[in-house]
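Chains as they are written, first to last, in the working numbering: chain A, 200 to 510; chain B, 7 to 452; chain C, 418 to 723.
Derived from the structure by calculation, the hints contain no laboratory data.
Some hints could be false.
To be verified - List time: in silico BS3-like cross-link candidates among lysine-lysine, alpha-carbon distance up to 27 angstroms: (1) A/Lys362 x B/Lys209; (2) B/Lys80 x A/Lys452; (3) A/Lys362 x B/Lys197; (4) B/Lys416 x A/Lys452.
The structure displayed is predicted, hence computed values, not measured ones.
Residues per chain are reported as follows:
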Amino acid sequence: MNLLHPIESEEMSDLAVPKRKKRKGDFWIAVPFMLPALLGLGVFVLAPGIRGIILSFANYNVFTGQADFTGFANYIRMFQDVRFLNSFLVTMEYVLINIGIQTIASLFIAVLLHRFTKSHVIKGVVLLPYLISNVIVAMVWYWLMDYNLGFINSILDALSFHKFTFFSEQTAMPSIALINVWRHMGYTALLIFAGMQAIPKDVYEAASIDGASEWRIFRSVTLPLLRPVLAFVLVITVTGSFQIFDTIAVTTKGGPVMATDTFSIWIAREAWGNNDFGYASAISVFLMVLLSVIAFAQTKIMSANQSDLDR
Amino acid sequence: MKTFKKIAALAVAAALPLSVAVAAPAAHAASTTITYGLWDSNQLPGYQKCATAFTKKTGINVKITQAGWDDYWKSVNAGFLSGKGYDVFTSHLAFFPDFVANKQILPLDSFIKKDKVAVNTMYQPGLASLWKAPDKHQYGLPKDFDTIALFVNKKMADAGGYTAADLANLTWNPTTGGTYEKFIAHMTIDKNGVRGDEKGFDKTKVATYGIWMEGSGGGDGQTQWSFLAASDGWKVNDGPWNTNYHYDSPKLAETIKWWHSLSDKGYMPTFAQQNGVGWPDQLAAGKVAIASNGSWMTGYVNGLKNDKFELELAPTPVGPTGKRASMYNGLADNISAATKHPQEAWQWVKYLGSAACQDVIAGQAVVFPAIPEATAKAVKAMNAKGIDVSAFYTHIQNKTTFLFPIANKKTQINTIISPVMDGIMSGTKDVSALAAANAQIKALFK
Amino acid sequence: MSSNTENQLDDPQFRMSLRARIFGWIALGILCVITLFPIYWMLRTSLSTTRLLFENPTSILPSHFTWGGFERVLGLASEQQAIAEGGSGASINFGQAFINSVLVSTIITVCQVSFSAAAAYAFSVLKWKGRDVVFFIFVIALTVPGIFLLIPNFLFIRDLGLLNTLAGVMLPQLLMSPFAIFFLRQFFLGTNLSIVEAAVIDGANHFKIFWRIVAPLAMPQIVTLGILQFITSWNDYLWPFYVGSGDPSSTVLTVALGVFKAQTPQGSPDWAGLMAGALIAALPMVLLMIFFGRRIVGSIQASGVK
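Bound-form chain A, shown alone (with noise of 0.2 angstroms):
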């Protein structure tokens, strides 16, 4: 099993051998059952997006219209730029503390909801903070960890502890991440979680059967049968951890001094505040580049693990 080709049931490969029919035949097809999907990703992803990657070699002024090709500078530019280290460095900061942790909490979340306990009102409570928008959440939080006057910090004072600056530079990018764990950790869960339906049950008989402890169970069975669905819900969490934006143009804005200033927030501000679309558009490029190789990159190592995966 691999990302591309997670689950193959016997039936599958049996089928492989003995049957002589053509495998182009299914393409004439497959067209109707993809015509909508395909027409949805070319006319706004692919038009906008090859189009966005031509204006990534002009000065494009989105007001006038106005583009003047320039070749490859705005790439120079953006590699000299000391925004763009920064912006790197700080970005995999926080998606390493973000998928780190959430991928763990998660994990730990689905194992409960899928060993310990089968209460929906449990499942939809672990759902509810995604049902608060992005910018909500991420004010109530900003809030909540004010220094001054927010609640966690207004504890820690009356109970004679040190306050904790959540928004420091050190701090800063760590705290955004924590923020978007609590958001995403039961989403993603569920996510996980649905993958473990798929585990047969007998697996965990035999296993509770030789004795094995609830980690045990966990380290050697409910994980590696889980490859696959962890290695899509990983690409999905951290191609979307990336592009991290909306808590930190309603939070921190991208200070203090640039410790918060992901790549998404660069874009932004290029595109919109300095009107330099073209500039942004390369940015992008170099995002979307980036995204696409470790993508690629997930999909290789998880296939690697297989062997695991056939007991």
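With chain A's structure known, arrange chains B and C on it following the hints.
Leaving out everything else, chains B and C in the frame of chain A:
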């Protein structure tokens, strides 16, 4: 420019027959509706009144839309892109240069000339020049202005033994901080009740800060430090649109250095600690005693009165030059270049810039209108509401204002100077970094 | 295989150690507190008077209890009342914005999930050369930053004359979502192909197979996806703002609630109104979950895998 002259010429040509139609009001002229945008919800009732009176007078309908600051500018930009935006919109000097550069607004010269609007004399001095671009065209009629003052918690000032007279006589210098720093220190109280200027003050256990830091102020420091630096004799450049920047001036360096020292001494929260809930709420909650800010916040902050907080305004301190100082910003309305009704739009702009409307706005006691008579009326109206705004008005009376720094390439300048200012205030950079930033800024214009 | 769904604690074979069970309960408790506290905080704030909100930062009760926030959201408060409480005096057409949101999100969800499911079928059950390459292009679509597409798509909608219409708001999302295709393909790949082959031999065309066999088997996943996409669409702000905010007929709820955000650059938002608005906005989704809750992954096992 040519396109502008063309549009202006067309507008004038169209105006001739139209002005005849408008001059014969009501009757059978199909009424046009123009759209108008603004962001301050507090000013909405006033402008609604103006619009009703305007429609009665000219038969032109005005549809007013109000959106909060962020959304407002998004919708203005979206309107430029879609061609269906506001016909007239409240503009701001921060974005004005871009609007001119992108040819998104109409110059008003021909309208002004034709209708004989005394743009250079009928408003508070200096305001009209702010809205004149380097291309020598006038793009807006001043409608209101704002200055800076100290927003003080009266309850805390009284408890600290400071009378209104004391507050009106604060002095400052960058070395000792003058009576201004003493005031701030005295207003700072630590957890044990010890004041900042008393022995035994523990700056690690501050319960109430003396003064709030509202971010670093970037390149302008409109509400944060501009009034201090100016009272020290500093100027950011040599005039509106001028490119000879002076961020490398030792006067600025000593001002910022002093300002930052307030954090070190515990009188002001550190850069990291002030990130979060804004200053009006901190003031109202009793977390801080003083905040320097602009007159547009007066009504809102006054309304936050509770048992911990009551607003008292104090003028900015007198600096080494022997004078106070305050940045002086003026708003105006711009006409979108994409408007289909330039004539009607101009009528509305003219009305907004006239005594008829500005008197109405004055009565609302929210902002200071730009026509001097209306300003006086606004001061009266605010006094009637119980707010003594002499702290703002003194700069007009004593001519201690300096203009909002208007320039081309503002966003690029900010990209250079803001991180430096942020770094200085957060303690990771030294004031000497300002000189390097200034060189980079000057290089933008070579 | 139905026992996957039973509470495994009921099954004596799955007796967990006491230690594990205690750990589980504590973990569950902490999880609930962390998840629910900020939401309680939103409720507490929505029932407070905005003007006096910061009076007591450690209080967990509403500050000066009032229904004002909810009244302002539903358009029931007068301007004076609103300003007296420190709220925004601006008006909001809640009813229409709500209906618009329901229309937009429902139509997008139904169409998007259907078309994405069809595409997912083509990438999983059907086999043809280049299948995985085309699929990967959809995966790449996930990597494109939203802002990159916003302006060109805005101009395109403008050129179609669909600005300030619900159609314009819906269009980009209507036909597909890379996430939806990715998600559904995952589960379709587990389909028992012998059933498919049998149906083909019987003369059924793939459309029937998709509609009557494969999709129903993956219904729990499709419903889950539907709910998730509905939520995403319901909370979308930037695009509906740019395309629809110019006219009440095309303003959705998230955009309409923007009146409670900060009006001036240093002003605070109308917290009570904003929180009340956010909670009311979340209600339909809570109802959706209660209604479809049984169908969400958990009660029914995954499709077709033996």
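Are any of the numbered hints broken by this structure? If so, which, sorted upward? The structure breaks none of the hints.
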